[in-house]
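Student: Given next are the chains, with one letter for each unit.
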Amino acid sequence: MTVFLRVFILSVSLMFFYFFYLYIEDDKYYPGASFQTSNMPLFELEDLYSDGVITNSDIEGAHLINVWASWCITCRIEHGFLVKLSSQGIPIMGLNYKDERIDAINWITKFGDPYKFIIHDLKGELALDMGVTGAPETFLINNGKIIAHYRGEVNEMIWSDVFSPIIKKENLFNDN
Amino acid sequence: MIIEAAQFLTILATGLFFLCFIFSIFFNVNDVNIIKLISRIYSHSFFLFLSSFLIYVWLAINDNFSVLYIAQHSNTNLPVFYKISSIWSAHEGSMFLWIIFLSLWGAIYNFSVHNNEPLKARTVGVISITTVGFLLFLLLTSNPFETILPLPPENGADINPVLQDPLLAIHPPTLYLGYVGFVIAFGQAIAFLIEGNSSINWEKQVRFWSIIAWSFLTLGITLGSWWAYYELGWGGYWFWDPVENVALMPWLAATAFIHSLSASSKSSILRIWTILLSILVFSLSLFGAFIVRSGIIDSVHSFANDPERGLYLLAFIGILVMTSLILFSYRLTILISNKRIVSLSKESFISINNIFFGTLIFSTMLGVMYPLIYEFIYDQKISVGAPFYNAIFVPITLLACLFLLFSIESKWQSKLKFAFLSNPLIISFVFSLFITFLSFKFYSVSRAWTLASLFIGSLIISRYIMVIYAYIFHRKFVNIYSVLAHLGLGLLIISIALNNDFSSERALNIKINETETYKNHEITFNNLQLSEGPNYESVKADFIIENKNGNKFSLNPEKRKYFVRGQITTETAIHASLLKDIYLTIGDQLDDGSWIVNVQFNYFIRWIWFSATLMIISGLFLARSLNRVHS
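Going down the list, the sequences are from chains A and B. Residues in the first sequence are numbered from 1 upward in steps of one, following our numbering. Residues in the second sequence are numbered from 1 upward in steps of one, following our numbering.
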């Protein structure tokens, strides 16, 4: 009886911890990531720098869309990595989210501009359509479809674990 | 500079705590000088760690945005109260608070328990190593002292608005106090196992601490539930959210634990249960910390997600729990009492109820883990919801309550005589049957589970009222606080059942100056006001509600938009009365200018809080009475 109790308690608890170990080690374990394909919503919004508008036709092909704001501190931490990405030739469109134009421009001047162009989404309209819950968030779009969405800071690790596999699979950004 | 100093104090404290542990393991802990030394080092290191935390609070009050965490979670516009509570509004700071409380319990234990107590030195040692494990977690993976230099931002990013609520500012601290309070029971159990001397009555020493911790845990859960009720605007008080479940599991285990303790502090019967449960309660508390902080589960509560944190916590908790269980198996033979449990004795009913509690814990764990296992194997997300938990909790809880009734009649270590089928039980049986019949006949209660709950709840209440009667008029000895706590349980079962049966809601489309009728209440939309708060702007609606007796009152539900984060929250308006809450929330405005207004009638909700409060207060008084006997 005591032997049975010993073996039972120890093996059950060991299995319990082992399961969580497997779960954590598993690649899928990125709660911020989602890979549901959906259509890129139609939009027509102001350019941050000029009076011109930016529409869907400006982002044909494969693009990253990065949601950021000058009030967002995590964005500032993320920013360095985005600059690095853009220097590797990855086209990134900035979606400036619920931000004052002047603050956003100051921010970019101060910390560098990794973006091909920046949409000024003052009211968060496009962000709402895309299912943004806060900043920063990053979308991968290809031919008018959102194919990956990450909520939170994108860094070296997230890039290689979340974005790289799907980029490789879809064979994107190869022309650079 | 001051930030680094605070961090240094924490590092220093970590080292000293580790020293306590080393001394308690490798030195002769029966030597009074060694005990004194360990006790003194512990106090010093707690003092250093506490100073570090107080400096941190001071930094938060003074808006020191060089500290990354404070910059991310506080704001100059916030009132001082929320600047302080912003410390536990996210992962790093709340972990900091968690560890402060962990070491605080140890410090109070260390201070108040005499150096002659046989298990003291090792208990302090176990508490120290647990603290060290979490301190390393804090410093290595979630450092709250991280700075943004050289250019700190001018203003912080603000605390999440749903957390800007006085109740929510105190909900985490009370809950944490409950969670980590069981470290003393855990420490003593481990010390007892290391010592291996079965003549030490560790149960008696640990009862006081465990009941206090249980009361805090209950309070923390109740506050969370109350907050969810009025702040989230869904009108419910319990959502079977994974994080609620990981708080419920230690609570269930703790409840089973304190009951077993009362049995085994009298004789060493049920000692296997008490030791195992003390390990289980604390392990489940730690498991809760792991689930919430590893970000495995999506929930209202989940913190920022970083796989490294999950891995560290899993490893640490795994080592701690596995070591305890190996120790437990090693000492299993000395735990087995040579006295047998007399069948139909009070002990036997307590062990049956332990099995029921075990089943509830297992089922909850299954509900939490099943989606993870499913996702792991099939790569699909599913969720386990209320129907699963209700189907399991309702029948098992009611069954356990029946055994509770038998245990009132039974005595320690002697068989229950059939004479128990005597007056009190029969009176309460007839009374409950009568109550149930009345509610069926005249109040249109018709669902079987509601009737069953009503019956069992009245059975508990009426039986315990007779116990109180005997206590007052026949001087029959009972533990009055335990009686009151169980009255709370009876009341809780009835109120949950009736709340579930009677409550209703409807969404109305209503324009200004229109009147709608819902359940004999005329609801008039009086006007709408735009206003500005300290850090938000709001739309406030004014409704006049008239019930069928012609009583009028106004309710002002509100929607707020917080400036800094742009988040929108709904502020519910609640008209509370003895039996029901009228609960109003406003939604969006439609194109035709009407507003969506959700009206809910929530019955017996106040009774739920009242029952829980009764249990908490009884717990605290019970602990106080134990302490008096003890000293």
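The hints are simulated quantities; they were obtained by calculation from the structure and are not laboratory data. There could be a bad hint or two in this list.
[As the list claims (entries may be wrong)] Mimicking DSS-like on lysine-lysine, the simulated pairs with C-alpha atoms at most 25 Å apart in a straight line are:
(1) K266(B) / K204(B)
(2) K110(A) / K98(A)
(3) K441(B) / K339(B)
(4) K84(A) / K169(A)
(5) K519(B) / K548(B)
(6) K98(A) / K561(B)
(7) K519(B) / K561(B)
(8) K169(A) / K381(B)
(9) K540(B) / K98(A)
(10) K123(A) / K561(B)
(11) K204(B) / K339(B)
(12) K580(B) / K145(A)
(13) K266(B) / K441(B)
(14) K266(B) / K415(B)
(15) K204(B) / K476(B)
(16) K540(B) / K123(A)
(17) K540(B) / K511(B)
(18) K110(A) / K84(A)
[Claimed, not checked] Among the chain A residues that face chain B by a calculated CB cut under 7 Å, a handful are:
(19) F20
(20) I73
(21) K116
A quick note: this is a predicted structure, and the numbers were derived from the prediction, not measured. Each residue gets a CB set at the ideal place from its N, CA and C atoms; glycine is no exception.
Student: Between the alpha carbons of K98(A) and K561(B), is the straight-line distance 25 Å or under?
Tutor: holds (13 Å)
Student: With a cut-off of 25 Å on the C-alpha distance, tell me whether K540(B) and K123(A) pass.
Tutor: Judged against 25 Å, a Cα distance of about 22 Å means the pair holds.
Student: Would the hint linking K580(B) and K145(A) be met if the CA-CA limit is 25 Å?
Tutor: Not satisfied, since the Cα-Cα distance of roughly 50 Å exceeds 25 Å.
Student: Next pair to validate is K266(B) with K204(B); report whether the Cα-Cα distance is within 25 Å.
Tutor: Within the cut-off at roughly 8 Å; holds.
Student: Does K561(B) sit within 25 Å of K519(B), going by the straight-line distance between their CA atoms?
Tutor: Violated, at roughly 32 Å.
Student: F20(A) was flagged as interface toward chain B. Is the shortest Cβ-Cβ separation under 7 Å?
Tutor: holds (5 Å)
Student: Do the alpha carbons of K441(B) and K339(B) lie within 25 Å of each other, as the hint requires?
Tutor: With a Cα-Cα distance of about 50 Å, the restraint between K441(B) and K339(B) is violated, given a limit of 25 Å.
Student: Holds or violated: K84(A) with K169(A), Cα cutoff 25 Å?
Tutor: Holds. K84(A) to K169(A) sits at ~22 Å (cutoff 25 Å).
Student: Between K519(B) and K548(B), does the CA-CA distance stay at or below 25 Å?
Tutor: holds (9 Å)
Student: Given the hinted pair K204(B) and K339(B), is their Cα-Cα distance within 25 Å?
Tutor: holds (19 Å)
Student: Given a cut of 7 Å on the nearest C-beta pair, is the interface hint for I73(A) held or broken against chain B?
Tutor: Status holds, d = 5 Å.
Student: With the threshold set at 25 Å, check whether the alpha-carbon distance from K110(A) to K84(A) stays at or below it.
Tutor: holds (16 Å)
This entry does not satisfy hints 3, 7, 12, 13 and 21, going by the numbered hints stated previously.
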